[in-house]
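Protein chains in written order, with my numbering: chain R, 1 to 137; chain Z, 138 to 640; chain U, 641 to 757.
Mixed in with the good hints there might be a few duds.
[To be verified] With the Cβ distance kept under 7 angstroms, some of the chain Z side facing chain R (calculated, not the full set):
hint, residue
1, Leu151
2, Thr194
3, Val197
4, Ser422
[As the list claims (entries may be wrong)] Label-pair distances were calculated between CB atoms; the ranges are:
hint, chain 1, residue 1, chain 2, residue 2, range
5, U, Val666, Z, Val160, 35 to 41 angstroms
6, Z, Leu418, U, Glu642, 23 to 29 angstroms
7, Z, Val160, R, Gly106, 34 to 40 angstroms
8, U, Pro711, R, Ile22, 20 to 26 angstroms
9, Z, Leu403, U, Pro711, 26 to 32 angstroms
10, Z, Asn570, R, Ser136, 22 to 28 angstroms
11, U, Pro695, R, Ser136, 31 to 37 angstroms
12, Z, Lys336, R, Ser107, 39 to 45 angstroms
13, R, Lys63, U, Glu642, 32 to 38 angstroms
14, U, Arg663, Z, Asp203, 49 to 55 angstroms
15, R, Ile22, Z, Trp190, 47 to 53 angstroms
16, U, Arg688, Z, Asp409, 31 to 37 angstroms
17, U, Lys667, Z, Asn570, 47 to 53 angstroms
Worth flagging that the hints you see were computed from the coordinates, not collected in a lab. In this text the structure is predicted, and so the values were computed from the model without any measurement. Glycine included, each C-beta is placed from N, C-alpha and C at the ideal position.
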Amino acid sequence: MKTIILRTASNYLLPILLLFSIFILLRGHYLPGGGFVGGLIASIAFVLHAFANGLKDTKKLLKFHPGYLMPAGLALSFLSGLLPVVGFDEPFMTGLWLHHPLPVIGSIGTALFFDIGVYLVVQGVTLTIIFTISESA
Amino acid sequence: MMQQVVTYPLLFQLLLSIILMFVWRRIDLQRIISICGSLVGVALSGWLFFHVWTNGTQTVQAASWDAPFGITFVADTLAATLVLLTSISGLAVSSYSSASVIPARLRFGYFPIFHFLLLGLIGAFLTGDIFNLYVWFEIIIISSFVLITLGGEKPQIEGAVKYFTLNILASIIFLTAIAVMYGLTGSLNMADLAVIVPKLENRGLVEVAAILFLIGFGIKSAVFPLYFWLPASYHTPPSAVSAIFGGLLTKVGVYALIRIFTLIFLDDILLDDILLIIAVLTLFSGAIGALVQKNVRKVFSYLIICHIGFMIAGLGMFTEAAIAGAIFYLIHDIIVKTNLFMISGVIYRIKGTINIKSLGGLYEKYPKLSLLIAIPFFSLIGIPPLSGFWPKISLILAGLDTNNYIVIGGIIFASLLTLIVIARVWSEVFWKNPVKLPKREHFLYFEDMTNLRKVQFIAPVVFLTLVSLYIGFGAEHIQQISSRIAGELLNHGEYIKAVMPKS
Amino acid sequence: MELLLAIMTGVLYAAGLYMILRRSLVKLIIGLIIISNGANLLIFLLGRITKGHPPIIPEDAKMFSEIYADPVPQALILTAIVISFGLQSFAIILVKRAYKVVNTDDIDKMNATDEEV
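Taking the hints into account, I'd like the entire structure generated from these sequences.
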């Protein structure tokens with residue numbers, strides 16, 4: 001699969017797809033999108049890069065094992081769910097929101113951080129699975 | 138703060154596995170975190186149990202979405218008891234596995250996944266939503282797949298394929314049942330279903346859903362025609378993994394059966410008859426299977442199947458006394474089966490094999506340890522006043538009350554065969570003259586362990602033996618707990634009121 | 641539409657079960673994938689198919705004014721798909737390992753678990 005067209009295209013597609021995945025992640029509260037789809041799109045960006053440039057280059061690009069995204073994302077989601085329990089004596093995962101929406105991003109609440117956690121976990125899981133399969137092949 | 142205590146054991150296990158994932162490579166640290174964390178987990182579950190015991194059924198509406206729209210976590214006495222037992226077994230197996238599982242396996246994330254398994258178990262006991270129950274079941278089976286294949290030896294992989302196929306099939310059947318229930322009622326909350334289902338006109342489809350649930354949970358709890366995956370897989374992984382599987386995994390299926398058939402599908406004579414027939418056949422086939430096996434762990438696997446029959450029989454007779462007996466047996470069985478598989482691991486580490494033919498002379502060499510092992514064996518058989526005796530008496534009395542003489546016959550037959558099987562294991566493994574075995578290379582023998590590891594290895598067996606002695610000698614307390622659970626299960630108005638106070 | 645979906649669900653279940661009963665490991669996995677798709681389709685079908693709007697109340701209203709589609713079955717299917725995604729990728733890796741260790745694709749040859757060790 002190491003054609004020059006794909007390689008050149010993938011170098012441009014990687015940042016665009018990552019940006020698109022973040023856009024999908026952020027619009028996910030009321031519109032189609034969210035952490036899961038966003039995470040899948042982001043991992044597709046890396047998989048495409050791996051197709052074009054080989055697994056080694058993608059790993060070099062990532063700098064750390066994607067497996068570590070799993071505990072990081074889980075921890076973020078867990079803490080955003082735990083905040084209402086510890087701070088406000090509300091049930092687990094109760095949504096807490098800032099009163100004033102921020103510019104560009106909009107209202108910020110625990111649901112956003114939960115979704116970012118999901119985004120990271122999905123990337124971690126997908127990339128780990130795909131890297132493991134393609135390494136052992 | 139007191140209201141949220143329902144979710145504490147659950148959240149704590151999740152926290153524990155996240156922390157363990159961050160120290161993926163440092164297995165010494167993982168050992169310490171896992172054992173200390175499990176101790177805290179037992180404390181939290183104990184707290185939950187006493188809170189429920191004094192204040193009645195507790196609920197938490199996750200994310201503050203009221204039932205029946207959100208997911209509810211419900212801790213009634215049954216759930217709280219099982220969460221406590223899960224934590225106790227988890228503590229024992231955590232200490233046991235830090236000594237007995239070899240570092241090569243620990244390095245592949247044994248402890249994080251082990252705590253994920255406990256998380257799934259606790260979640261399955263606490264949830265009050267039927268689709269959420271499915272999700273917890275999936276968490277359980279995904280973690281158990283990883284644990285069962287860890288190490289990747291040939292029998293392990295083959296056992297995993299069988300275990301995997303049947304368990305996925307069970308999940309799909311369970312999912313189909315949920316789909317049918319949702320189509321019928323438009324609700325997923327178990328308390329809400331308990332209100333809606335008796336009023337439904339379409340009894341035929343309700344029956345179909347009930348049978349689908351029965352098959353799905355039946356595969357998971359290994360009842361008569363659906364158990365063949367269990368003896369094909371439970372003897373293959375390390376004994377620590379078998380211990381947690383044997384003690385808890387099939388019992389989640391039994392728990393789900395008890396929950397569904399005392400809450401949602403009631404007054405169904407056909408179903409009760411089916412349950413009784415299944416129970417008797419399970420008792421017979423499990424006991425006879427155990428009789429012919431030569432691998433100690435396979436013998437124990439068949440005994441798991443056999444003893445599932447007691448609980449299903451209690452559920453099938455459907456009187457308060459019978460369900461109390463089944464619950465008592467469930468409490469006893471979780472502790473004793475976990476202990477049995479840990480004992481099989483102890484034998485394996487001493488001798489280097491698990492085949493009855495090549496074992497022998499353990500009593501001569503380790504008399505104190507053998508006497509210790511005798512106690513769980515006797516409680517398994519049900520010699521009075523040890524723990525297995527009392528629930529069997531309750532079940533037989535309940536059988537007399539409802540004139541189910543075949544069930545009584547099955548119970549007595551299974552108890553007798555258990556006695557014979559255990560006597561055979563005892564005489565072959567402990568009393569027979571020792572057989573000369575070649576020393577295995579690269580094998581961690583019990584004698585070669587450091588003193589700390591020996592303590593970590595034997596202490597859980599002692600601990601669970603003490604717990605099962607308490608269940609036997611403090612039978613009055615356990616009987617009190619199980620009759621209260623049976624009362625709550627049969628008068629489920631309180632459960633529904635706790636989940637949906639407004640209705 | 642309902643009838644078509646019902647027939648399709650039945651076909652998927654039947655095909656899946658048939659594939660599970662074959663002797664080849666790969667066909668076993670394909671069977672599991674097909675049958676879980678059947679289950680997802682069944683949830684979709686039994687959740688009542690309605691042509692309606694997304695179940696979001698507009699900002700200036702207090703309740704739904706138009707017919708809306710039930711979001712719960714979709715949430716259930718999404719969850720089930722995510723779970724089966726994880727399970728299937730595990731299954732594929734497991735089958736690959738099994739093929740390497742046992743050196744055959746034939747399920748009938750997998751009887752090391754019945755041997756006396």
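Hint check:
Given the 7 angstroms rule on beta carbons, the hint for Z/Leu151 holds: about 6 angstroms separates it from the nearest Cβ of chain R. The criterion of a C-beta within 7 angstroms of any C-beta in chain R is not met by Z/Thr194, whose closest approach is roughly 16 angstroms, and the hint is violated. Hint on Z/Val197 holds. Least Cβ distance to chain R is approximately 5 angstroms, under the 7 angstroms limit. Hint on Z/Ser422 is violated. Least Cβ distance to chain R is approximately 39 angstroms, over the 7 angstroms limit.
Distance hint check: the CB atoms of U/Val666 and Z/Val160 are about 38 angstroms apart, consistent with the given range 35 to 41 angstroms. Separated by about 39 angstroms at the C-beta atoms, Z/Leu418 and U/Glu642 break the suggested range of 23 to 29 angstroms. Between Z/Val160 and R/Gly106 the Cβ separation comes to about 37 angstroms, which falls inside the hinted range of 34 to 40 angstroms. Here the CB-CB span from U/Pro711 to R/Ile22 is close to 25 angstroms, well matched to the stated 20 to 26 angstroms.
Hint check: Z/Leu403 to U/Pro711, Cβ distance near 31 angstroms, so the stated range 26 to 32 angstroms holds. Distance hint for Z/Asn570 and R/Ser136: a CB-CB separation of about 48 angstroms, inconsistent with the stated range 22 to 28 angstroms. Range check, U/Pro695 to R/Ser136: Cβ separation about 44 angstroms, and the 31 to 37 angstroms hint is violated. The supplied range of 39 to 45 angstroms is met by Z/Lys336 and R/Ser107, whose beta-carbon atoms lie about 42 angstroms from each other.
For the pair R/Lys63 and U/Glu642, the supplied restraint of 32 to 38 angstroms is violated, since their beta-carbon distance comes to about 52 angstroms. Distance hint check for U/Arg663 and Z/Asp203: the Cβ-Cβ separation is about 51 angstroms, which falls inside the suggested range of 49 to 55 angstroms. Distance hint for R/Ile22 and Z/Trp190: a CB-CB separation of about 49 angstroms, consistent with the stated range 47 to 53 angstroms. Here the CB-CB span from U/Arg688 to Z/Asp409 is close to 32 angstroms, well matched to the stated 31 to 37 angstroms.
For the pair U/Lys667 and Z/Asn570, the supplied restraint of 47 to 53 angstroms holds, since their beta-carbon distance comes to about 50 angstroms.
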